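Engineer: Sequence:
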Amino acid sequence: MPEPGKKPVSAFSKKPRSVEVAAGSPAVFEAETERAGLKVRWQRAGSDISASNKYGLAAEGTRHTLTVRDVGPADQGSYAVIAGSSKVKFDLKVLEAEKAEPVPGPASTPAEAPGTPGEALASATDMEGGSPSPEEPSSATPDGPGAPEDPIGLFVMRPQDGEVTVGGSITFSARVAGASLLKPPVVKWFKGKWVDLSSKVGQHLQLRDSYDRASKVYLFELHIIDAQATFAGGYRCEVSTKDKFDSCNFNLTVHEVIGPGDLDLRSAFRRTSLAGGGRRISDSHEDAGTLDFSSLLRKSSLRTLRDSKLEAPAEEDVWEILRRAPPSEYERIEAGRCPPSRGRLGSRGLRGSHSAFQKKLQPAYQVSKGQKIRLTVELADPDAEVKWLKNGQEIQMSGSKYIFESIGAKRTLTISQCSLADDAAYQCVVGGEKCSTELFVKEPPVLITRPLEDQLVMVGQRVEFECEVSEEGAQVKWLKDGVELTREETFKYRFKKDGQRHHLIINEATLEDAGHYALRTSGGQALAELIVQEKKLEVYQSIADLTVGSKDQAVFKCEVSDENVRGVWLKNGKELVPDSRIKVSHIGRVHKLTIDDVTPADEADYSFVPEGFACNLSAKLHFMEVKIDFVPRQEPPKIHLDCPGRTLDTIVVVAGNKLRLDVPISGDPAPTVIWQKTITKGSKVPAGPAPDVSGDADASDEWIFDRKLLCETEGRVRVETTKDRSVFTVEGAEKEDEGVYVVTVKNPVGEDQVNLTVKVIDVPDAPATPRISNVGEDYCTVQWEPPAYDGGQPVLGYILERKKKKSYRWMRLNFDLLRELSHEARRMIEGVVYEMRVYAVNAVGMSRPSPASLPFMPIGPPSEPTHLAVEDVSDTTVSLRWRPPERAGAGGLDGYSVEYCREGCECPCPAAPNFFPPPLQGLMERTSVLVKDLPTGARLLFRVRAHNVAGPGAPVTTKEPVTVQEIFQRPRLQLPRHLRQTIQRKVGEPVNLLIPFQGKPRPQVTWTKEGQPLAGEEVTIRNSLTDTILFIRAARRAHSGTYEVTLRIENVEDKATLVLQVVDKPSPPQDIQVIEAWGFNVALEWKPPQDDGNTELWGYTVQKADKKTMEWFTVLEHYRRTHCVVSELVIGNGYYFRVFSHNTVGPSDRATTTKEPVFIPRPGITYERPIYKALDFSEAPSFTRPLVNRSVIAGYNATLCCAVRGTPKPKISWFKNGLDLGKDARFRMFSKQGVLTLEIRKPCPFDGGIYVCRATNLQGEAQCECRLEVRVPQ
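Take our numbering: the last position of the sequence shown gets the number 1285, and nothing is skipped along the way.
What the hints contain is simulated information worked out from the structure, not anything from laboratory work.
Remember, it's a predicted structure, so these values are computed and weren't measured experimentally.
Treat the hints with care, as some may be off.
Stated by the list, open to error - Derived EDC-like pairs: lysine to aspartate or glutamate, alpha-carbon spacing no greater than 16 Å straight-line:
| no. | residue 1 | residue 2 |
| --- | --- | --- |
| 1 | LYS770 | GLU747 |
| 2 | LYS547 | ASP827 |
| 3 | LYS491 | GLU475 |
Working from the sequences, and respecting the hints, build out all of it.
Structural biologist: Okay, here's the thing in structure tokens:
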């Protein structure tokens, strides 16, 4: 099963609770955060609560309070408090005044209900034979005020041994001191040697942890629920921190539920104490500890209810058995064997027959998923047949999943490619005896290969988060603001798995769905933010009034921000029904109403109403009726335009739209129409009003230097002229089409001319690259410049977007246009790299996006350092030490700054520039500092800040002022234990004696030897502030003696004495003599050496050498006497003898040797040849090692081996299924020293069968057989 994910870390140390208050009374909710300065928001029904007459908000350090004044029925409902990514919900219930009850205060802890772990533990520890005394606490859960305060190692309270019955529950607790820990410790629970219990959390096993802020103690609990017999055994709890480690072993004993009628005598003699394990004892070789007959004595009253097969004789009593047996037989009686004083203890023995297993399975095995595991047992009978069971079902040979091997007395079950289905209990059965084990299959951590991405949606839209993990079918958890989303919320959330991809779907998003969503696996988590905004429709282009003539086409067009919004067109307030002449279209964000062949009846007010939004876009259609009056036939040409003063308004057209200028004309005869465009000096016409082009040539000469004749009748720009009108059309207006157009009509009677000013407006240019500044923990300031060209219309505002650097999805940050050129973006995740871009918006629409800003990372300053303490104070210096801050942020730590000021001064003065040498100026990386050159007697306050890329963090200040003055401390020598004994050093070795001491001011240290001051260059004394060192580079014998060190401060002193002994090798013994020689023996004698090397002699080494070879052989070692007898010498040889002396350093460099050889005489000996009787060594063939069944893979050479003996040498024959293999070239037969081998070259499935090896000689015949299975690889 997968490892459980890491527990979500809440930002709250104390959470508000639901309350019931009476109407008219105030309601107070309190919450405490983990650290001060954290921003906290209160909400009701998804909306933020601000301070008012109704609600009171207060914050003091880490404590935050919400007060609801004058509570009424309308205040009843659900509330929430949000801090960071943590959200806690609570309810307020309003009671009627006569029904209101006072809110109960903190009540005493109720007694545990039946079935709780506490009761189960009590029931487990109060069993017979295992109940503690009334004065002793519970052994398994030492959870009370009586816990020891001084921890041994890291543990304040270690888990104790426990007992439980099958089906019961038990809890083991471990307490760890947390006052000196910077981070929470890591605790692991193991069963046996190395089975990690974190991978077995489930129905029967739970792991919990908590932290008591008052006592600063971590509590870790192991809950075992519905205990089974296989749970018994030894357990281990390991706790580790950054630089410390501690562990504790404890045992769990699981008792069978024994009724009055099925008492087992064997359980009465089981030992109650084990030497290192808590498993139930079933084999005699596992017995250890003391003998325990109390259980049998305690249950003696139940004998009348026992089964007759287990009942002991009525006249026999256990005390009588023990009285008649000697003490040496107690072990056998306790083990269940028969004492010599009687035949058997009852009608059947207390123990069964000898175990069929020489080596059993271990209690548990652990293997990673996809790996191979071998389960091996060793049998007492090599020929015994075994069965392997999995969860009680026999395992059959199938494919390559299970491989059964039999080698001698060993039986092995190999499981290949382990999966979660192989996580089970396994048994090996031999006859009627079983041995069991458990196999735990551990899954590798599931990693996140593609993280979640932030999303920004509108209310009612569909949201889908997608994440990809490293393994198909992996178990994952979805969380919102740190709270797990369960399957019960399927009406709101939908969970979908597609291979390695996991989806979280919200069909219709609401404002309450906004927050941080996380997908958590056993190997990490992915975090993304969902922002839900209310629907707000923006109009990028509104419909405009139109003036068209008869039979022309009228087109109303508008553009809105949401392409999914539908709408209704109205004519004079009534819905317009499309037909063959009136067409309504919706393409993306553009809605169009087209009216062909306009008639006077079409003149009206037209409106577009978007569905679901309270807005209305209106415009008026004007019908232009051309009236032709009777004129004489000779009529000068005239242009009929409604333009007072002959000055036309500027015609504005949006870039990309169609421009149609319909100019009515008259004249008889029909005039000639000429269209011309005025080319000005500038490449772009300014976005202001067009220049006043009038008939005054002098005024226009300043601007106009050329005119372009427009006469094409086809193409993008074309002119169409009829009898009564001239139409100028531009398809897809562009910026170059902007300018002043001159329309001239001529006929023989005269001419007329009109200037038309056309202005083309467009979306603005993209703004320049935005700049990022003032980057904080979750915010930054974005600044940008306006676009170089505003598109001919003023810029209405800007839209800001952001994205993660590795993502492709941009998320909009504002829906209301930003009027300023800077914006403070918030709600970013610290440590994530972001990019920003800007859009400019005018009346036409939205520009292209600006280039993305430089990547930046929100980083906040670190928190204040912790545990600031004063280490030492002198007359001019103060030594400070502190610990790193709890939160360093994504920017890490750059260093620390130290400041100080006098007591009562408000402005701290930087200490570093004044008191540190040049290498330490600026920020420091160490967590300690020595501030020098301080005024003596001054009372100073010190404070320390941590710095990172984001700047300095909050300071931590000493609680009390520090007086700069030396503190007197009595001198004291702390002599190490190994220096309190005689100190031995060899000649030539260095001597380095370090003695720590205490004392202030700095004490004076004096060394003497034998009462005389030390003199000479060979002995060096080195003193520091805290210790003194006696150093001798190469020790000599003359350096031995008694040394005394004196520590003095004024008239107070302390002394210590050291004894130094310099030892060397001894000199050789003296005057070795041969005292006597007889037979094979020689007696030697010598005198001790003159110099023992300044230490005790350990003994002598005596060696002998033959006169012929002069090779020395040791006869005696570590011999303590000065005389010896050397025996077992060879007759006829001459010998020399020598002796070495030994002490602690080693043997002497030289030895004392006899001057003359000692000759061993040869006596006369007559050799008589022995007479031997002839023996018959003939023997019939017999197999000392038979063939064994084998399973091999096709295509790989296989061998069958056995061993045979017999005299004379037997003839060997091999058979397969009764056929002789001697003439088959595919089989090779070898025989060497009685070992017979049959080699099968590249076997195939046809080669499987029964193989027989037959040995024959004159004394008889023998054969053995085996089965060969040839498997085809999958």
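Engineer: Does each hint hold? Answer for all of them.
Structural biologist: Checked hints:
Taking the CA atoms of LYS770 and GLU747, the gap is near 10 Å; set against the 16 Å cutoff, the hint holds. As the CA atoms of LYS547 and ASP827 are separated by approximately 9 Å, the hinted pair is consistent with the 16 Å bound. Note on LYS491 and GLU475: the hinted pairing holds, with a Cα-Cα distance of about 14 Å set against a maximum of 16 Å.
Hint check: no violations occur; every hint is consistent with the structure.
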